[in-house]
Amino acid sequence: MSILQLHGVSRSFGGVRAVEDASFTVERGQLFGIIGPNGAGKTTLLNLISGLINPDAGRITLNGIDTTKRTPQYIARHGLARTYQTIRLFDTMSVRENVMVGGHSALSYSFLAALSRRKIFKQHELALIDHVDFLLDTVGLADRSNDPAISLSYGEQRRLELARALAAKPAILMLDEPAAGMNTRESENLSNLLRRLVDTTSLTVVIIEHNVRLMMELCDRIVVMNFGRKLKEGTPAEVRKDPSVIQAYLGRAA
Amino acid sequence: MHDVFDFFTSYSYLFYLVLLNVILALSVYITLMAGQLSLASIGFMAIGAYSSALLAMNVGLPYPLSMICAALISGTIAVLVCMPVLRLKGVYLAITTVGFGELVRFIALNSDYLGGAMGLSGIPPATETWHLAVFLLILIYGFRTLQRSRHGRALVAIGRDEVAAKTMGIPTTQYKVAAFTAGAMMASVAGSFAAHHTAYLSPGEFTFTHAVLVLIFVVFGGLRNYWGPVLGAIVLTLLPEVFRFLHEWRMIIYGISVLLVVVFIPDGLLEFGRFFRHNRNKAGRSTSGPTASEAKLG
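In the order they appear, the protein sequences are chains A and D.
Position 208 (the first sequence) corresponds to 208 in the numbering used here; numbering is contiguous.
Position 208 (the second sequence) corresponds to 208 in the numbering used here; numbering is contiguous.
Take these hints with a grain of salt, some might be off.
[As the list claims (entries may be wrong)] With a straight-line Cα cutoff of 25 Å, these simulated SDA-like cross-link-like pairs (lysine to any residue) come out:
| # | chain 1 | residue 1 | chain 2 | residue 2 |
| --- | --- | --- | --- | --- |
| 1 | A | 119 | D | 143 |
| 2 | A | 169 | A | 241 |
| 3 | D | 89 | D | 133 |
| 4 | A | 119 | D | 83 |
| 5 | A | 241 | A | 91 |
| 6 | D | 89 | A | 235 |
| 7 | A | 122 | D | 227 |
| 8 | A | 69 | D | 83 |
| 9 | A | 69 | A | 21 |
[Unchecked claim] Cβ-Cβ distance ranges computed for the label pairs, FRET-style:
| # | chain 1 | residue 1 | chain 2 | residue 2 | range |
| --- | --- | --- | --- | --- | --- |
| 10 | D | 118 | A | 108 | 52 to 58 Å |
| 11 | A | 116 | D | 255 | 42 to 48 Å |
| 12 | A | 183 | D | 240 | 53 to 59 Å |
| 13 | A | 28 | D | 80 | 51 to 57 Å |
| 14 | D | 138 | A | 183 | 50 to 56 Å |
| 15 | A | 54 | D | 256 | 36 to 42 Å |
FYI, nobody ran anything at the bench for these hints, they're computed from the structure.
Computed from a predicted model, the values in this text were never measured in an experiment.
For glycine and all other residues, C-beta sits at the position ideal for the given N, C-alpha and C.
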């Protein structure tokens with residue numbers, strides 16, 4: 001069973017068709033890329049999948065469950081985590097606390113259990129802190145864990161968002177331009193990290209990125225979007241050769 | 001020893017006032033944690049005060065029970081009010097909650113059953129200052145737990161970025177309703193304490209000015225953790241008393257103090273120490289942030 005399926009998903013804002021009739025399937029353990037020029041509807045697509053907006057038409061299934069009209073909370077609890085193009089950190093909280101919020105739905109103790117200092121409270125919190133520190137180490141922010149999130153550099157904030165999304169132990173992770181604002185070395189580190197995560201765990205990654213070269217090297221499969229429509233889907237090699245894709249990016253040949 | 005006892009008896013009312021204001025400040029703080037600027041606390045304080053007074057006078061409920069029933073009434077009203085009101089954000093929410101407080105006050109003012117403008121007298125006095133102290137200790141323990149639990153982190157997360165909190169799987173609406181209701185019940189208990197302390201109630205005690213004063217306690221103290229509102233309420237309650245010898249000038253001192261803190265330490269009095277530390281080593285990043293202690297587990 002594939003982890004994510006879209007069937008004819010459409011969404012308009014006023015008269016603008018942001019996403020029109022988008023269909024594709026993401027398989028478990030894939031690094032799945034979505035590319036396309038500005039305004040192609042890539043971020044809208046992620047918002048639709050994560051439940052922040054509902055589609056006008058079409059169907060979205062996550063892990064075999066129909067999530068078309070579900071709330072973001074429901075979808076998050078069923079294994080989907082994401083980051084944002086415009087970084088959305090909890091700015092006054094420390095780096096570690098941000099990642100701990102990411103692990104919210106992995107914990108289940110009640111507030112009464114916390115008040116009565118039941119064992120489950122301490123166990124869950126300590127296990128979470130262990131996991132969080134491991135993730136901060138993974139993204140290279142271990143030495144910043146007590147600093148407020150707002151004190152981090154742009155690239156560091158992107159890595160923190162990644163760690164926060166991973167804290168929920170998601171089955172599928174969606175990244176919206178994770179390499180924006182990163183230098184070449186940082187984005188190389190990021191793609192190595194993503195590759196390692198996908199290869200060593202059962203994680204599936206959907207990634208939107210403008211850096212086409214990075215995407216061609218990184219992804220197993222790529223969807224090209226243009227004006228809200230799916231232009232082409234295939235392996236990076238297939239996509240690279242496709243004349244319609246070249247035209248969308250570079251314009252019509254003279 | 002005798003002197004200590006004397007000190008407590010002669011300043012008993014002041015202790016009571018400080019404790020009452022700290023409880024009220026915390027009731028506003030819990031909704032602010034979740035980013036909700038609500039000024040409804042005074043309204044719920046009034047509901048708590050009138051409910052427990054009437055339950056004691058007309059139904060004959062004993063004192064702690066009347067207070068608990070009043071808190072449950074306030075909690076129920078809070079949940080009902082929440083549903084339409086918490087769809088609003090920022091100033092719109094603030095204005096609506098001010099409207100709620102005024103609505104409660106006008107009902108009290110115009111209802112003969114509630115004593116009208118003359119107020120309600122003959123409430124059985126029962127509140128001792130130590131009752132407030134015990135309740136406050138319980139509250140502090142609650143806030144301490146909240147800060148170290150997933151629930152407290154979720155509230156702060158909602159306050160900082162609701163959309164991000166949603167996609168972390170946090171049921172934002174439930175948390176906002178819970179925070180609003182908990183704040184309402186705290187304010188209600190404060191109201192019950194007040195009713196059974198002075199044995200008299202009038203609508204004039206629950207005006208918009210009081211609502212704003214409580215908000216000032218919180219902002220003055222600082223929002224980073226629950227000690228902010230506690231500190232703010234203590235300092236701003238004692239300030240006019242300390243400067244009593246200045247007569248009518250003392251309220252000017254009060255105003256200037258608030259102004260100075262807001263301008264120079266916008267994060268609140270609690271950040272006073274950090275303010276100086278920050279200025280001293282502006283170049284280096286602070287490695288031993290106070291947040292380190294927050295991450296520890298109790």
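Hint check:
no.: 1; hint: A:119 <-> D:143; in the structure: 19 Å, holds
no.: 2; hint: A:169 <-> A:241; in the structure: 36 Å, violated
no.: 3; hint: D:89 <-> D:133; in the structure: 34 Å, violated
no.: 4; hint: A:119 <-> D:83; in the structure: 35 Å, violated
no.: 5; hint: A:241 <-> A:91; in the structure: 43 Å, violated
no.: 6; hint: D:89 <-> A:235; in the structure: 46 Å, violated
no.: 7; hint: A:122 <-> D:227; in the structure: 23 Å, holds
no.: 8; hint: A:69 <-> D:83; in the structure: 22 Å, holds
no.: 9; hint: A:69 <-> A:21; in the structure: 17 Å, holds
no.: 10; hint: D:118 <-> A:108: 52 to 58 Å; in the structure: 53 Å, holds
no.: 11; hint: A:116 <-> D:255: 42 to 48 Å; in the structure: 44 Å, holds
no.: 12; hint: A:183 <-> D:240: 53 to 59 Å; in the structure: 57 Å, holds
no.: 13; hint: A:28 <-> D:80: 51 to 57 Å; in the structure: 46 Å, violated
no.: 14; hint: D:138 <-> A:183: 50 to 56 Å; in the structure: 52 Å, holds
no.: 15; hint: A:54 <-> D:256: 36 to 42 Å; in the structure: 53 Å, violated
This entry does not satisfy hints 2, 3, 4, 5, 6, 13 and 15, going by the numbered hints stated previously.
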